[in-house]
Amino acid sequence: MSETLKKQNSSPRLELLNITKQYPGCLANDQICMTLMPGEIHALLGENGAGKSTLVKTIYGIVSPDAGQILWNGHEVDIKSPAIARDLGIGMVFQHFSLFETLTVAQNIELCLTKSQLEKIGNLAEKIRDISKDYGLNVDPDRYVHSLSIGERQRVEIVRCLVQSVKLLILDEPTSVLTPQEVAGLFTVLKQLSSEGCSILFISHKLHEVTEICHTATILRGGKFVGDCEPANETPATIAKMMVGDLAEQDAGYEKAHGGSVIFSANDLHLPAKNPFGTSLKHINFELLKGEILGIAGVAGNGQEELMSIISGEDNRNLKKVLTLDGIDLGIMSAGARRKSGLAYVPEERLGRGAVPEMSLSENTLLTHSSGFVKSGLVNWSAVKEYAKNLISQYSVKCHGEFSEAKSLSGGNLQKFIMGREIGQNPKVLICAHPTWGVDVGAALAIHQALLKLRDQGTAILLISEDIDELFLLADRMAALCDGHLSPVVRTEKTSIDQIGQWMAGTFINEPKVSEALA
Amino acid sequence: MIRVQARTEPSTLMTFASPFLAIVLTLVFGSILFSALGKDPLQALYVLLVLPLSDAYNISEMLVKMGPLLLCAVGLSLCYRANMWNIGAEGQLLAGALGGSAVALMFVNSDSMLAMPLTLLGGVASGMFWAGIPTYLKIKFNSNLILTTIMLNYIALYLLIWAVHGPLRDPDGFGFPESAMFSDATLLPVLFESGRVHLGIILALLLALFAWFLLSKSHLGFKIRVYGADEPAATYAGFNAKAISWFVMLFSGALAGLAGVAEVAGPIGQLTPNVSPGYGYSAIIVAYLGRLHPAGAIIASIFLAILYMGGDLAQIEMGIPIAVVGMFQGVLLFFLLACDFFIRYRIVSSRENMA
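In the order they appear, the protein sequences are chains A and B.
When we follow full-length UniProt numbering, the leftmost residue of the first sequence carries the number 1, and every step to the right adds one.
When we follow full-length UniProt numbering, the leftmost residue of the second sequence carries the number 1, and every step to the right adds one.
Keep in mind the hints are simulated off the structure, nothing from the lab.
Cβ atoms here follow ideal geometry from the backbone N, Cα and C, with glycine treated the same way.
Hints may contain errors.
Said to hold, decoys possible - Simulated restraints on C-beta separations: (1) H146(A) - E9(B): 15 to 21 Å; (2) A252(A) - A6(B): 38 to 44 Å; (3) A6(B) - V226(A): 28 to 34 Å; (4) S218(B) - E349(A): 23 to 29 Å; (5) D329(A) - K242(B): 18 to 24 Å; (6) F20(B) - H270(A): 45 to 51 Å.
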């Protein structure tokens, strides 16, 4: 495919020559070269920390490289700021959207246009409607952003780029927040843009998506260029091997377990949202069995945060006879008492919630694991340090030592540490949110195996994740959350990505209950 | 071109250097000011900073002033560590002086062994009560602690003034707004024959060491540090936020109350409207100068006590107005906050940045 592209358009749209960027203590990009043809959909692949973000930020003018050249349509350019990048025709959709919730779609788009661009466009709302129609994006310029779903917000970001007649569109992990059906819609748009000659640089972790739509791929590892490939000629497994070596192959084919007796149950959990943009939970029922992993799929913002914080007790509203852990009424206990009753929790945010950034790893061990280390109110710090050292070696946490500050660790290493700390308390129930989000493949493998080992020891695990592949890999039973409703719970081998995807979009909400029959 | 850039991590060097840098800048500023006033700046600084340590009497007077500063600052350090912005040490100190005096006046004609301990207890309890009011309001109604503690400072002051004009006024005092002199059994024992240094400074030092121990060795101290550094992590870990808030506020109130009662049952010996020259406010500067660490507070309270003493001496020796002390404190805090900026930021020339 890329050969034909190169024949059609002899001159590349973008060329990167020996781009190098040094951060303190880390060579983020080491002499990276890349070529993008007009109309090409080009994947940028690599583990976390491979240097993908630094490279695209360089192209978009957020990061200035220490060395190397950028050629745009054959001419060397110095992209000092995103404004210059936009002038050239480079647009970027970030992983975390940069939209103001209290403004309308049109106002948000207007904000990043210059006066001359606005004059050229004339009627902005009209233009948004035109683009929206041309590409089937279905964006209404007059709606307020807070009323849009995540998928819709992403489309607003794309429209924002298209309004400026973009020649190169950069997407940073665009599918991580979408349902499978929304992903298909996005791909249609990308293919249409590509056929019109717009180049697309696509960052993703999800290899099957890359093989599906990308013409070419550049693979980075540890800041270095590892190789080019044409995804159409590869399988996800071969690409993964190029990214990380042999690890990915090991992280597959785990056996499913059948849980034992019920250890935790939520009985008609119905709760209004605490803050105005939150999601209220609607009559949620489920049971968690000893020695099983129950996976809950769903797009972020559909009640996951609310569900976890009411179970963990961080949301301190009392609920009588709703949550039961091993026969105890959990809902009326404080978060600390719940932990003592055998509940452990790996939260979504590692830094700032799961760990105190400025504190050492041994202090962060004591954060949730105090039993055995506190006697008459005094901390036995030397025992805590010993224990932290063990955690570090047992879970291969890369750091200088137990005295390292939590914020000095990479996301994957900190996650391994937090996971080890929570597992070390021999919990009856572990709540685990997005355990491998932003974690490299090696660390993800270690985390997956630690979870399965814990399951096999009889702990019940509630796994909440946006990564459907991960849920299918680990969960023994599955359900989906949509707008605070929980779908029926089914055994993983009896469902499909398609069905879970539909549940994530909420198709079960108005259906009659079929759950028990399926389970 | 020179510009400001965020550091990748806070500078440890600047954390410790900042207070000293701020002191030096304050002295430079002071020298310029004294020159402008037509005073010899070197002599002024000598009187302000060296003379207070020149003889035993002056040193003992310095210690008298250091006691309440240290007590209040240690309590405030703990509050600020837990993100409780208690500006009310002054009010808690006055409440302690008032409550302690009320107890002490029951023992005017007594030599009971209980007089002194009960008086101290009365002061401590009053300080705790005064700190408890804004804590309750914050926990119950989520009111702003800074505002309520400041307001309660004024309420405490006027309550005290009302008391010395009314119920606690010495009936034999010719109508002066003062209480009767406390009995000897009530007064804190003096440490040395000459001078007014009393038991208060010993208590203050012991309590500072206790707070240091509490923060570094106890589980509660650990929880306080987590709560202040990262509230979501404290909630996640299941720490009881209310209990932590109550503890640091009552501890701070107790210490400030002790400072107040130790003033009236110490160097003053009776309740007067002028119990405190703003110790509770100066203690905020002490706490920050001491990096919110009890050991740091010991050093910082010595410095501010010297400044208080020096202000008195400068007025006597050189005719420099006493307001200079307040101004020095203000300028010191100003420079301290300015220097603290460089813990997280640094100045770079953009040429270096381009390389």
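Hints, verified against the model:
no.: 1; hint: H146(A) - E9(B): 15 to 21 Å; verdict: violated, 35 Å
no.: 2; hint: A252(A) - A6(B): 38 to 44 Å; verdict: holds, 42 Å
no.: 3; hint: A6(B) - V226(A): 28 to 34 Å; verdict: holds, 32 Å
no.: 4; hint: S218(B) - E349(A): 23 to 29 Å; verdict: holds, 27 Å
no.: 5; hint: D329(A) - K242(B): 18 to 24 Å; verdict: holds, 21 Å
no.: 6; hint: F20(B) - H270(A): 45 to 51 Å; verdict: violated, 59 Å
Checked against the numbered hints given earlier, the structure breaks hints 1 and 6 and satisfies all the rest.
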